[in-house]
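A.B. asks: Next come the chains, spelled out residue by residue.
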Amino acid sequence: MNKFGQMALLCLGLNMTAPVALSEQANDEFSADVQPVFFADNVSSLDVKYVDKTVHLLSSKKIDGNDSIWYQSSPDEGMTWSDAVNITQGISIQARVRRGNDARLAVQGTNIVAVWMTKREGNRHNAGPMMAMASHDSGQTWQQIDTPADWDGPHGFFAMDANAEEMSLVWLDSRTKIGDGATQGLHFAKSLDGGMSWSANQTLDERSCACCWNTAKYDDEAFYVLYRDKDPSDMTLGKVDAEQQWQALSTVGEFDWDFQGCPHIGGSFAFDSQHELIHSTVGTGHPKKTGTYYLRSHDKGKTWTLPHRLGGETAVHSDLAVSSSDGTVIAAWDMITENGFQIMVAESDNQGQSWSDQALLSTSGIRASHPRVVAIENGFLVLWTEGRANKPQSLRAVKID
Amino acid sequence: MTTLRLWLFASFVLFSGQLQAEQVKPFVKGSFSAIQQQYEGQAYLVLFWGKDCAYCMKELAFLSPLLKANPAVTLVTVATDPFLDESFIRDKMAEFDLAEADNWVFANEYPEMLYFDVEKRWRGELPLTYLSNGKDIVRKSGLLKEADIAAWLQTF
Numbered sequence: 001m002n003k004f005g006q007m008a009l010l011c012l013g014l015n016m017t018a019p020v021a022l023s024e025q026a027n028d029e030f031s032a033d034v035q036p037v038f039f040a041d042n043v044s045s046l047d048v049k050y051v052d053k054t055v056h057l058l059s060s061k062k063i064d065g066n067d068s069i070w071y072q073s074s075p076d077e078g079m080t081w082s083d084a085v086n087i088t089q090g091i092s093i094q095a096r097v098r099r100g101n102d103a104r105l106a107v108q109g110t111n112i113v114a115v116w117m118t119k120r121e122g123n124r125h126n127a128g129p130m131m132a133m134a135s136h137d138s139g140q141t142w143q144q145i146d147t148p149a150d151w152d153g154p155h156g157f158f159a160m161d162a163n164a165e166e167m168s169l170v171w172l173d174s175r176t177k178i179g180d181g182a183t184q185g186l187h188f189a190k191s192l193d194g195g196m197s198w199s200a201n202q203t204l205d206e207r208s209c210a211c212c213w214n215t216a217k218y219d220d221e222a223f224y225v226l227y228r229d230k231d232p233s234d235m236t237l238g239k240v241d242a243e244q245q246w247q248a249l250s251t252v253g254e255f256d257w258d259f260q261g262c263p264h265i266g267g268s269f270a271f272d273s274q275h276e277l278i279h280s281t282v283g284t285g286h287p288k289k290t291g292t293y294y295l296r297s298h299d300k301g302k303t304w305t306l307p308h309r310l311g312g313e314t315a316v317h318s319d320l321a322v323s324s325s326d327g328t329v330i331a332a333w334d335m336i337t338e339n340g341f342q343i344m345v346a347e348s349d350n351q352g353q354s355w356s357d358q359a360l361l362s363t364s365g366i367r368a369s370h371p372r373v374v375a376i377e378n379g380f381l382v383l384w385t386e387g388r389a390n391k392p393q394s395l396r397a398v399k400i401d
Numbered sequence: 402m403t404t405l406r407l408w409l410f411a412s413f414v415l416f417s418g419q420l421q422a423e424q425v426k427p428f429v430k431g432s433f434s435a436i437q438q439q440y441e442g443q444a445y446l447v448l449f450w451g452k453d454c455a456y457c458m459k460e461l462a463f464l465s466p467l468l469k470a471n472p473a474v475t476l477v478t479v480a481t482d483p484f485l486d487e488s489f490i491r492d493k494m495a496e497f498d499l500a501e502a503d504n505w506v507f508a509n510e511y512p513e514m515l516y517f518d519v520e521k522r523w524r525g526e527l528p529l530t531y532l533s534n535g536k537d538i539v540r541k542s543g544l545l546k547e548a549d550i551a552a553w554l555q556t557f
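Taken in order, these protein sequences are the chains called A and B. Note that the working numbering gives residue 213 to position 213 of the first sequence, counting from 1, and the numbers run on in steps of one. The working numbering runs 401 ahead of the 1-based position in the second sequence.
If you are wondering where the hints come from, they were derived from the structure by calculation, not from laboratory data.
Simulated pairs of lysine to aspartate or glutamate, EDC-like, Cα-Cα distance not exceeding 16 angstroms: (1) B/K430 - A/E338; (2) B/K546 - A/D231; (3) A/K391 - B/E510; (4) B/K521 - A/E313; (5) B/K541 - A/D258; (6) B/K452 - A/E121; (7) B/K521 - A/E338; (8) A/K391 - B/D486; (9) A/K288 - B/E520.
Between the sequences and the hints, there should be enough to build the whole structure, so can you do that?
C.D. replies: What follows is the structure, encoded as structure tokens:
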């Protein structure tokens, strides 16, 4: 790490004493420059996208006991930010959001859509139907839109993305009855008018993890979805093609984890169009393979390399992003230590063939979890929340060059 | 006089047991070891559960009749939602007819520190059940099969 990076980390109060490297093929020291770029209080959930050279940030806050959803953007890779806009200003909402079941956004030109789970007292877990808002002026003004769901029950664990023509959303709900009870499954809707109207819902998988976050991204015309399946509880990658046909492509990490319970863990993936690769991180709680793993696919998600462990057995929530300019991959994850969750980071400069040592990115001794990574024009942004569990937390973002 | 003493003693025992059942104890670092020490030599079952965990509710639901048929086995429950309201826990246990369980609640705003203290590999997946015959302890991650727990209970 150069002096600038060390200075920046010292300013943040970060401890960069390198922990023991646990990655199987760790080689170089993590050597990127790290610069703090953003901080916010009272944050309950976050989502971030980098579209058209703009960083789009969606967060939910609880202020004086009232829930609200906020949007802001950065035109210069996180160095400066627009004023935060309370997109639910004037609307009384009860958001049932937390890290791992965050409010999510999609960006398509000047159209932005945000969705989140509401709270409905009396429902099981007080879980309510999704609520959605849209902006058609790059986030300056917002209005509530019709719900994308055509089933009036609780919806959660959203993932959303857009290309030039369409915007797609997946989520979990339990509309399907299998056996003697309702079963949480993966559902899909698409909008062709910037979120103002949505297609009839399509069930992509009748049975999924009930409580794991999903990840979804467009690659050209195909909408790829990574979600935790059932029997076994491994991660499945599938895609909805231009004809709206769903195809389950592969299991990302065949751990054969037989688990009837609530893992609360999803995965991540990113496309490297330059090298025709898909990079992914997934977590498993398989008793003999517990941890977070990196894998890559050379054939658009049909097959995957062997899993490469990132961090130790206690690595839990992960994300990654790939640079469109040189294919550098940055992975970040949180890891349980006796002091609580800490954010770790590692990079690969050879398309995931090998990884640097892991480095501690968050402040030692402060609980920090659920990192998100986005590739920007010149580097990456890593964002996470820190503070006590089940309480509004602080959002922190750093830029990695 | 003897009758009065016996009545007073019985009332005390009943009251103490009721008090224990009604108390929700704070689960902190070292509590899992303390529970194991407390019930050493006895058959017991420790269930870690969460208020939003549907599988945990299923497990709580089928445990009650099985444990009623096997009163020698103590149920210890640990709510993993930090500082979950005690009345919620008591109501939930009453709902499942498990009011006499030894109930605990995570008392740390950093729950993963307690995961780590219980077992270094545990990352918060629920339900998590430990079964002890008083000598050996077995870890079961995920929803127990009703038939498996029934078979285990029949060994006592």
